[in-house]
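Visitor: Chain A is already provided as a structure; the job is to place chain B on it using the hints.
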Amino acid sequence: MEENNKNHAVLSARNVHTTFHTHGRSVQAVRGVSFHVEHKEILAVVGESGSGKSVLMKSIMGLMPDNAEVVADETRFQEQELSIMTPEQLRKIRGKEIAMVFQDPMTALNPLRTIGYHLVEVLKRHRKMNGKEAQKEAIEVLKQVGISSPEKRLMQYPHEFSGGMRQRALIAMALCCKPKLLIADEPTTALDVTIQAQILELLKKIQEENGMSVVLITHDLGVVASLSHRICVMYGGLIMEEGLTDEIFYAPKHPYTKALLRAIPRPQSGSRERLESIPGMAPSLASPPPGCPFAERCKFARETCNEGIPQYRVYSDTQRAMCIFSDEELSAMEKEVQ
Amino acid sequence: MDQNNHEILLEAKNLCKYFPTKDFFGRKKAEVKAVDGIHLAIRKGETFGLVGESGCGKSTLGRTLIRMYEPTSGSIHFKGQDITGWKGKKLLPIHKQMQIIFQDPYSALDPHLNVREIIKESLTAGGSMPVSEMDGRIEELLKRVGMKPDDMHKYAYEFSGGQRQRIGIARALSVEPEFLLCDEPISALDVSIQAQVVNMLEELQEEMGLTYLFVAHDLSMVRHISTRIGVMYLGRLVEVADSDELYENPLHPYTKALLSAIPVADPKIARITNRVVLTGDLPSAMDVPSGCHFHTRCKYAENGCKESVPELREISPGHYVSCSCIQGIMQNESNTLEK
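If you read the sequences in order, they're chains A and B. Residue 1 is where the first sequence starts when you use the UniProt record's numbering, and the numbers rise one by one after that. Residue 1 is where the second sequence starts when you use the UniProt record's numbering, and the numbers rise one by one after that.
Hint data in this document are derived by calculation from the structure and do not stem from the laboratory. Computed from a prediction, not measured in an experiment: that's the story for all the values here. For glycine and all other residues, C-beta sits at the position ideal for the given N, C-alpha and C. Incorrect hints may have been included.
[Said to hold, decoys possible] Under 8 angstroms between C-beta atoms, here's a sample of chain A residues computed to sit facing chain B: (1) Met64; (2) Met165; (3) Asp192; (4) Val193; (5) Glu201; (6) His219; (7) Leu260.
[As the list claims (entries may be wrong)] Distance ranges between label pairs, derived from CB positions: (8) B:Lys29 to A:Gly24: 49 to 55 angstroms; (9) A:Gln89 to B:Asn274: 41 to 47 angstroms; (10) A:Thr189 to B:Ser132: 44 to 50 angstroms; (11) A:Glu208 to B:Ser107: 39 to 45 angstroms.
[As the list claims (entries may be wrong)] Taking lysine-lysine and the DSBU-like style, the derived pairs with C-alpha atoms no more than 30 angstroms apart in a straight line are: (12) B:Lys148 to A:Lys204; (13) B:Lys268 to A:Lys299; (14) B:Lys299 to A:Lys152; (15) B:Lys154 to A:Lys299; (16) A:Lys335 to B:Lys268; (17) B:Lys154 to A:Lys258; (18) A:Lys204 to B:Lys29; (19) B:Lys299 to A:Lys143; (20) B:Lys148 to A:Lys299.
Here chain B stands alone, though its shape is the one from the complex:
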C-alpha cells in the first residue's frame, strides 16, 4: 500500500479547456475558460476530492481528464503515457480504464433498455462475448453493487434513485476500469441513501484497488471519502492538501470561506462557529477577473492581486496554495492569535 501511495496514475500539466461562445452569425465571440491551467497528479488507489461552487469547472476538469472532452492545451498523462493527442480507436482502451458515474441517475440510464441491455452495451463495446458468459458476468456485477440477479430484466423506471445509481456503477465497473470519475454521484440522492452509495464506493475501492476522482459540492461527504482534496475557483485550483489537513488548517481565503459555510449538523458547534460569509456572487465565467480570480471577493486583496496570477506553491509538505499574499495572511493570523 505504501509503495503504491506515490505512484501517479493520472497527471495533468497546465491543462486548459476553453469553450468558445458564438454570436448570432456564428462568429466566435468569447471564450469561457472552464479549466484554466491546472496542474494535478492523482495517485494510484487514492480518492481525490474536487470541490468548488457550481460553475467553477470541477466537472469539466474531470471530464477533460478522462478524455471525454478535448483539451484546449496542456497535457494529460495516464500511467506515464501522454494520452493528450490520442484520437478515435486509440482512445478505446483508455476509456475502458477510465470510467464515469454521473450525477443524475434518472437521465444516465436509457429508459428503452432493461438493465441487462444497459450493462451489455458497455460489456461488448470492445468485442463480443458469448451470451452464457455475459449473463454470468452481469449477475456478478449486479451482486457486487448489492442488487439481485433478477433485476437484470427490469427497466430503469422500476428502480429508485439509489438503485439506479448502483446500476450506473455496475455499468462503469463492467469494463474493469482502474480509474473512476464520480461526478457528483450522491447529490441527487436522499440522505439515508447517500450513505449506502458512499459505503459501497469505499468497499469497491478496497476490493478492486480503484482510484477515484470524486467531484462534489457536499463538503462534509467529500472530507469523509477523500484522501486528498483540491479546491477549485473559476477554473483554477486554489488549494490542494490531504483531506484532514485541508479541513483543519485551510490556508487560502476562499477555502476558509467555503469551509466555514458548510452547515454543521451539530447545533452547539453551529451556534459558536464564526462564519466567514463571502460577499457577492461568483463572477461570470465569461468575464473572469484579472490576476487572482478571487481578488474581487477577498478581504486580503492587495493591488498586486489584480495583476499577477499566483502560482500553486507548496507551503508545507503536501499542502499547496495559490495565493500571493499567503505569507502575510498567515503572519497576520498568528499575530492575532497571540494577542
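Next comes chain A alone, as it looks inside the complex:
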C-alpha cells in the first residue's frame, strides 16, 4: 500500500526524528513519523499543543533552529530529496513550490512595508517579473483571495488590515507562485468563527481551482471535518492514527482518537450530558515514556503497552493505528468495563 501511494505523493517522509538540544537536556519532539501527501489532496495533521505537528512540518522544510537535530530516512518532494539540498536550493523550493501560511498573521508581515511590497517582492524573486507585471499580478491574487478594491489595498500597511484580511493577504502571498503544496499551520486559530468560516471556504476554493495539495495543521477537529480528505492524528511526537476523514470520524480505531472525539460536545445533541474527559495530561517529551505515549491516560492500557513503541495495525488501504490491541479487542474490553 505504502509503495503504491508514494508514486502519486507530492511529499513523502519516512521515519522523521527531531530532537531539540537545550541546556544539556534533549526534547524529542518528533519520534519517528512517516507520512505522505497525495496529489490534490487536503491532509490534516491534528494534535494538541506539544504533539509535534508543527515541528514535523518545519523539520521537513528545513526551517528548524540550529539546536534542533533532524534525522530522517527520506524526505522527498516530488522527485527531489530535501535533506541533501543546500540552504540555497531549499530556499528556492520554499516559497515557490511549497508555500507556507502561519498562525499569527501580524508577526508574519513586516509592519514597515506595504502589503503590495510583500507581494511584489515574492513575484520578482520567484517568478522573475518586472515591477509593472508584478504589480498587475499582485492585484490579481488579492482579487482571488477576496480582498475588495485591491488597487487601494496594495498601498496599505499591515496595521490597516484586520486579522482576517491579513490572513487573506498571507494566503495571497503563498499563492503568488502557484505552489504545488501549501502548508497551512493553524491558519484560523487567531480568528473569530465568522472570519474562520470565510478563510476555510477560501482555502477550499483555491485548493480546487489551483489543483494544489494542502497540509492543514490544526488542533480543531471541527475545522478538519468539513475540509480535509485524510487525517493524521498526532500525540507525543508520533502519528497515533491515520485515515480518511470519514474513517477517523466514524470508525476511529485508536483509543486516543476515540477519546478525543468524545471529549468535544456534539453540536446536534444539545444534551447536558457530561463530556467524557481524558484524565491526566500529555507526557513530557524531555523524558518520553518507553512505550505508547498515550498509555498513561488510556483506559485500556495494560503492562505490555509500556514495552516499546507499538507497531501500526493496518485496517484498510488508507487507515492504520498505532495500538497493540485490535479494534475488536478494544470493543471487547470496553464491554467488560461497562
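Guide: Relative to chain A, chain B alone:
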C-alpha cells in the same frame, strides 16, 4: 430547583460602559462604547452563556457586572440590592460573592507565590484566619478541584495549563462566592483538558449551587454548558434565549450567521451544512454604525435599520430578539419553506 429557577440573582438595566480615548495632548477624543445599553437578568443557579466575536464587549459586560469596572450609566442589582453606586469597603462583601476565573491561566497566577500563598491571599482578604485552619481549608479547596494537597507548596510554573486553571478556580471558590464570572476559562486549553475543566465546573455548580456567567467564543462548548445564552454584537445584546432554543431556532440574522460558522466536528453534517458566510469584518468599536449596529453586514437591512435602534423584544416565551425587521424575516422564511 423549580422555585429557584426564576429567582433573579443579578440584574442589569440599561447598563453602559464607555472607555474614553485620548489624543496626544490628553484631551478626550472619542468613546469606545464597549457596553451600550444592556438589559440582562441572570437567574440563581443557572449558567448564562455570553457569546460574540472578539471586541463585541462580552468580557467588558461581565467585568462591569461584577463591579470590576465602573459602569458609565445604568444600574446593577445583586440579590435585589442596587449596587451600582457602591464604592470601596462597601464593595468588599460583593466581591466575595462574585468571583472571576480568567482566560489565561499563565498570567492569572503570581509566579512569585506558591499555591498556598496564592489561595491564602484571597482567603485572608476579609480578615485573618488561624494557620491551622487555613491549611485545612486550602487542602479541602485543592481536593475539590481535583488536585493533591501536596501541590500547595509548588509554584505556578510547575503546573500545566489545565492545572493552573484549577488553581484559579480554587482561588475563586475560597471566599465561597455565589456567582462566578468565567471569562473564556477554556480557550487557552487543549481539547482533552477542556472537557476536564468543563465537567468540573458543572460538578461544582451542582454541589455548591453556583451561578455562572460563561463568556466564550467556542460556541459548541457554550451550548453544552449553558442554560440560557445571550448573543452580543458591538456592545449590544441582539438575541437571548434558552440554549437549545437559540441553537435550533435562531432568529436574528447575526445569530444565524454566527451559528452556521461553527465548525462541526462531523464530516457528513459539515458537508451538507449551508454556511451563511458574513461578508466583511466587524466594524471598529470606535466608529460603530448608526441605528442597528448590524445593518452594514445584514442582508435583510432596510433603510429604517440605519436610523432607529431596535429594542430587545420577546418574540416567543423566553426568546428575545432585537431586530426591527424580524417579523418580515420570519414570514419570508416560512414562505420559502412552503415553496
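Visitor: Are the hints correct? Go through all of them and say.
Guide: So, going through the hints one by one against the coordinates:
1. Proximity of methionine 64 of chain A to chain B is violated relative to the hint, the smallest CB-CB distance being about 23 angstroms (cut-off 8 angstroms).
2. Residue-level restraint check for methionine 165 of chain A holds (minimum Cβ-Cβ distance to chain B is 7 angstroms; threshold 8 angstroms).
3. For aspartate 192 of chain A, the suggested interface contact is upheld, since its CB lies about 4 angstroms from the closest CB of chain B, less than 8 angstroms.
4. With a cut of 8 angstroms, the hint placing valine 193 of chain A at the interface with chain B holds, because the nearest CB-to-CB distance is about 4 angstroms.
5. A distance limit of 8 angstroms between C-beta atoms decides the matter here; for glutamate 201 of chain A the minimum to chain B is near 6 angstroms, and the interface restraint holds.
6. Using the Cβ-Cβ criterion of 8 angstroms, the hint placing histidine 219 of chain A at the interface with chain B is satisfied: the shortest such distance is roughly 6 angstroms.
7. Interface hint status for leucine 260 of chain A: upheld, as the beta-carbon distance to the closest one in chain B is roughly 6 angstroms, under 8 angstroms.
8. In this structure, lysine 29 of chain B and glycine 24 of chain A meet the distance hint of 49 to 55 angstroms, their C-beta atoms being roughly 54 angstroms apart.
9. At about 46 angstroms, the CB distance of glutamine 89 of chain A to asparagine 274 of chain B agrees with the hint of 41 to 47 angstroms.
10. A hinted range of 44 to 50 angstroms holds for the C-beta pair threonine 189 of chain A and serine 132 of chain B, which are about 47 angstroms apart.
11. For the hinted restraint 39 to 45 angstroms between glutamate 208 of chain A and serine 107 of chain B, the CB-CB distance of approximately 42 angstroms keeps it satisfied.
12. Taking the CA atoms of lysine 148 of chain B and lysine 204 of chain A, the gap is near 47 angstroms; set against the 30 angstroms cutoff, the hint is violated.
13. Between lysine 268 of chain B and lysine 299 of chain A, the direct Cα distance comes to roughly 29 angstroms. Compliance with the 30 angstroms bound is thereby established for this hinted pair.
14. Proposed proximity of lysine 299 of chain B and lysine 152 of chain A is supported: the alpha carbons are some 25 angstroms apart, at most 30 angstroms.
15. The hinted pair formed by lysine 154 of chain B and lysine 299 of chain A meets the criterion: a straight-line CA distance of about 29 angstroms does not exceed 30 angstroms.
16. Only pairs whose Cα atoms come within 30 angstroms are accepted, and lysine 335 of chain A paired with lysine 268 of chain B is accepted, the gap being roughly 28 angstroms.
17. Between lysine 154 of chain B and lysine 258 of chain A the alpha-carbon distance is near 34 angstroms, which puts this suggested pair outside the 30 angstroms criterion.
18. For the suggested pair lysine 204 of chain A and lysine 29 of chain B, the alpha carbons sit about 43 angstroms apart, so the restraint of at most 30 angstroms is broken.
19. Our distance criterion of 30 angstroms between C-alpha atoms is met by lysine 299 of chain B and lysine 143 of chain A, whose separation comes to about 22 angstroms.
20. Of the supplied pair hints, the one linking lysine 148 of chain B and lysine 299 of chain A holds, its CA atoms being roughly 21 angstroms apart against a limit of 30 angstroms.
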